[in-house]
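Enquirer: Construct the entire structure; sequences and hints are all you get.
What follows is the residue order along each chain.
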Amino acid sequence: MARKRRIERWVAVSMLAALTLSACSSDNDASSIGPTGDPVPGGTLKIGTGADPICVDPNQTDLTATRDILRQVADSLVDADPETGEIVPWLATEWVVNDDATVFEFGLRSGVTFSNGEVFDGAAAKAFLDGVDALGGRAFNASSYLQDYAGTEVLAPDRVKVTFDQPNASFLQALSTVNMAVLSPSTYQLPPEQRCLGQISASGAFVLDHYTPTQEVVLTKRAGYAWPSANAQHEGEAYLDRVEYRVIPEAGVRVGSLRSGEVDLINQVPQQDEDVLKASGFGVTSTNNPGTVFEYLTNNGSPILSDERVRKAIQFGIDREEYRATVLLPRYNLATSVLSSTTPHYTDFSQYIKYEPEESKRLLDEAGWQEGPDGIRVKDGKRLSLTVLNGHGSGSDSYELVAQQLRRIGVELIIRTVSRAEMLAALDSGQYDFVPYGFTRADPAALTMHFTTKRNNPLRLPPSELDTYLEQQAAAARPEDRQVAIDNAARYITEHALVILLHEQSVAHAHSDALGGLRWEPGAQVSLYDAWLQR
Amino acid sequence: MTRGPVSTTAVRDWLWFLGGRLLQGLFVLWAAFTLVFVVVYLLPSDPIRLMVSGSGTEFANADDAALDELRKQYGLDQHPVLQYLHALGDAVRGDFGISIQTGRPVTEMIGDALAETAALGAFALLIGLVLGFGVALAATLTPLRPLRQLLLSLPAAGVSVPSFWVGLLLIQYFAFELGWFPPLGGKGINGLTLPAVTLAIPTAAFVAQILAKSLATTMAEPYIEVVRAKGASRAHTLFTDALRNAALPLLTMVGMIVGNILAGSVVVETVFSRMGLGRITYEAVNAQDIPVMLAVVTFAATVFVLLGIVVDILYPLLDPRIGSRVRRSVSAGKPAAGKPAAAALSAGKFAPVHQVAERTAS
Chain X
1 MARKRRIERW VAVSMLAALT LSACSSDNDA SSIGPTGDPV PGGTLKIGTG ADPICVDPNQ
61 TDLTATRDIL RQVADSLVDA DPETGEIVPW LATEWVVNDD ATVFEFGLRS GVTFSNGEVF
121 DGAAAKAFLD GVDALGGRAF NASSYLQDYA GTEVLAPDRV KVTFDQPNAS FLQALSTVNM
181 AVLSPSTYQL PPEQRCLGQI SASGAFVLDH YTPTQEVVLT KRAGYAWPSA NAQHEGEAYL
241 DRVEYRVIPE AGVRVGSLRS GEVDLINQVP QQDEDVLKAS GFGVTSTNNP GTVFEYLTNN
301 GSPILSDERV RKAIQFGIDR EEYRATVLLP RYNLATSVLS STTPHYTDFS QYIKYEPEES
361 KRLLDEAGWQ EGPDGIRVKD GKRLSLTVLN GHGSGSDSYE LVAQQLRRIG VELIIRTVSR
421 AEMLAALDSG QYDFVPYGFT RADPAALTMH FTTKRNNPLR LPPSELDTYL EQQAAAARPE
481 DRQVAIDNAA RYITEHALVI LLHEQSVAHA HSDALGGLRW EPGAQVSLYD AWLQR
Chain L
536 MTRGPVSTTA VRDWLWFLGG RLLQGLFVLW AAFTLVFVVV YLLPSDPIRL MVSGSGTEFA
596 NADDAALDEL RKQYGLDQHP VLQYLHALGD AVRGDFGISI QTGRPVTEMI GDALAETAAL
656 GAFALLIGLV LGFGVALAAT LTPLRPLRQL LLSLPAAGVS VPSFWVGLLL IQYFAFELGW
716 FPPLGGKGIN GLTLPAVTLA IPTAAFVAQI LAKSLATTMA EPYIEVVRAK GASRAHTLFT
776 DALRNAALPL LTMVGMIVGN ILAGSVVVET VFSRMGLGRI TYEAVNAQDI PVMLAVVTFA
836 ATVFVLLGIV VDILYPLLDP RIGSRVRRSV SAGKPAAGKP AAAALSAGKF APVHQVAERT
896 AS
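First to last, the protein sequences are chains X and L.
Mapping the first sequence onto the numbering used here, position 234 (from 1) lands on 234, and the numbers just tick up by one.
Positions in the second sequence are counted from 1; adding 535 to them yields the numbering used here.
A couple of the hints might just be wrong.
[Said to hold, decoys possible] Simulated pairs of lysine-lysine, DSS-like, Cα-Cα distance not exceeding 30 angstroms: (1) X:LYS161 to X:LYS126; (2) X:LYS454 to X:LYS161; (3) X:LYS126 to X:LYS221; (4) X:LYS379 to X:LYS354; (5) X:LYS454 to L:LYS607; (6) L:LYS607 to X:LYS126.
FYI, nobody ran anything at the bench for these hints, they're computed from the structure.
Expert: What follows is the structure in structure tokens.
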């Protein structure tokens, strides 16, 4: 105990002096921390979350931390295996997809009820899909999953047929996400604003008791729950009686609250605190986000960056090993493709993302950029100077490092810290060179978010075979065909350096040694269904 | 402070004066509202994009049709001038619309938050006044020169330390180490103490600075020398004769002090995970939630204006010299609102009393 105190004090000092701890490699297996023996039911789990949920409707929210809360409250038609991405049963027990991925027929589980007593059946499934579709732009992720939705037909009380006007091969994966969680038919009758404030009923293992904006969300156990997803480790009701999420925006206070026993689990663990928490007996569990890696969205229409040789030179000019050693933790994976290694259909394309400064210099010479008086290359009197717009409010040291590295090959990188609003506006107007980005989705369809020229094309890409590959992957009902299309798309993006790729994104939660049974769901969400507290 | 019988002319002058101040106040409110509106529209971004943009490094690729539909829902597709007139008209009726980010009625959000911030602010003000008076009085009374210098340097230190740092420090020791107070939110005095102390430090520094300076001036006044010559002790003179006069300039600073507390609540409420106006402001600015920003600024401006008027009413009651000057100036000339205070003063014409008082105090 005395030792713990001392460490606590030391952490306080380091936190207050804003001292960044360098990571020492002790890659503890997170699952080794926690209670032993058989799970016992009961208890209240207190969680410190970094972000106000803002809107507690799974269909409407786009915030990762909010989706984490609502995963406990609402079930989905299907789930996905967190390792392989394979679609597994949940509220739907079986499904048939036609050859061009436009018609999906589902057999539904019987005996499922919503927390307000309504029954889950074919009509409820139809009410759900129609309801999400009706949200339109209010449900940004969910409505993009339902693009070209033609309608749902109830074939029998336990059978529905969903039809699309265009192929939608990622629909099953989309259905497994929290954004496509099923709410009760009467919930879809309420105005979207009321749903946001917590007037929702769903079929999950926990029931949303209340949400106090900027303060807390409280969940209680759903009595009689008996329909967990195929990923679950046990059957029947959840172990925990009650879950209380406290909003703690300040990272230092969040970590301190965990250390002092005020809460048992926190999210958004600051990188510099991970090893210290581990060293003092707390569990740190992390996962690599599926979807695209952390990348610099690159304006392919700008005068300098429209030259593929310049983009490639920058791709080869970044020393990612040094980047990981300096600004990340050893557990991070470096980018080996535009998709992270935890995304289904991922293939390694690291031959296009290597560190080769000599090749960078050669490419820049070839493109006509000659070394200028201050070491920055010049062409026709113009300096090779590019700007990255950081609108994420953090990570400034990582941009400084990239700027240093690029300087070595004669490229100047200016870092402009801007508001999130300004960053988004720059993407819309095309007034940017680089914007840092990463999109989490447990399906390679994540690529369609920015790489298609058919929508508003923030990368300013010229139409190319990439559009064809992206359409092919959307239309491919058979996994083998989809693999080919995804590989073609990912190869095209990396080979032509359409974006600058850095590392796979990762999220970390930390918990006390009394908490067991935390389980990662695909999309870097945590499930509390199997979680239990030792008392 | 005995006052003669109040004549009807005096009352009429007084009402004229009050009416002028109210009009001025309304102008300030309108100007604040308009300025925020213009600034928000000059910002190079779109609240609807922010609303649907997700979190972290993630943001959805905008589908223009869906965005347009949302803009329509929030009336953001209209011409800015129309939007402005609309918002102004609603605001006059006390309706600030629906928050873009949360979907809640703005007046309801502010109402919920106001009670929390008011309790926190009042407690902080109390602590700040006690601490500030304590430091100023101690500095004036102490015979030891080094100690006085030390005490007089405290206000500068007090306004220099960042609140978030003080807050984290207090949480670390008094909540996590000692467990005396809850680290998060918390109701009642127990939950309020740490955030109130954090918020009170700059307030105390402000009060101490002004009071110490004003006490130094007052203690050098001839009438104090007379009292001292009659044999009264320094402490006795300070408390019975100097303090009341010296404290008057503080009254003119009430607006500033309350303003500082409101501004400080942005940081303090975030560090202590509290609900309140500051927190709402922070979130609204981040999300560019126009209705909430307009409401918060209008509310803050209203507080300033009302406090200014209250001070104007109170001051002549506490300091008869000011009262007579106002009456004189009102009857001497017609109201000339909007002119710079200094010019108005030197011309011997109408000026808001707190500006007169500031000049007399300095």
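Enquirer: Next step is simple, just say for each hint if it's right about the structure.
Expert: Each hint, compared with the structure:
Annotation: proposed proximity of LYS161 of chain X to LYS126 of chain X holds, straight-line Cα distance about 9 angstroms (limit 30 angstroms). A distance of roughly 28 angstroms separates the Cα atoms of LYS454 of chain X and LYS161 of chain X; the hinted pair therefore holds under the 30 angstroms criterion. Straight-line distance between C-alpha atoms of LYS126 of chain X and LYS221 of chain X comes to about 27 angstroms, which keeps the hinted pair within the 30 angstroms bound. For the hint linking LYS379 of chain X to LYS354 of chain X, the alpha-carbon distance of about 26 angstroms falls within 30 angstroms, and the restraint holds.
For a cut-off of 30 angstroms, the pair hint linking LYS454 of chain X to LYS607 of chain L stands: about 24 angstroms separates their Cα positions. Our distance criterion of 30 angstroms between C-alpha atoms is met by LYS607 of chain L and LYS126 of chain X, whose separation comes to about 28 angstroms.
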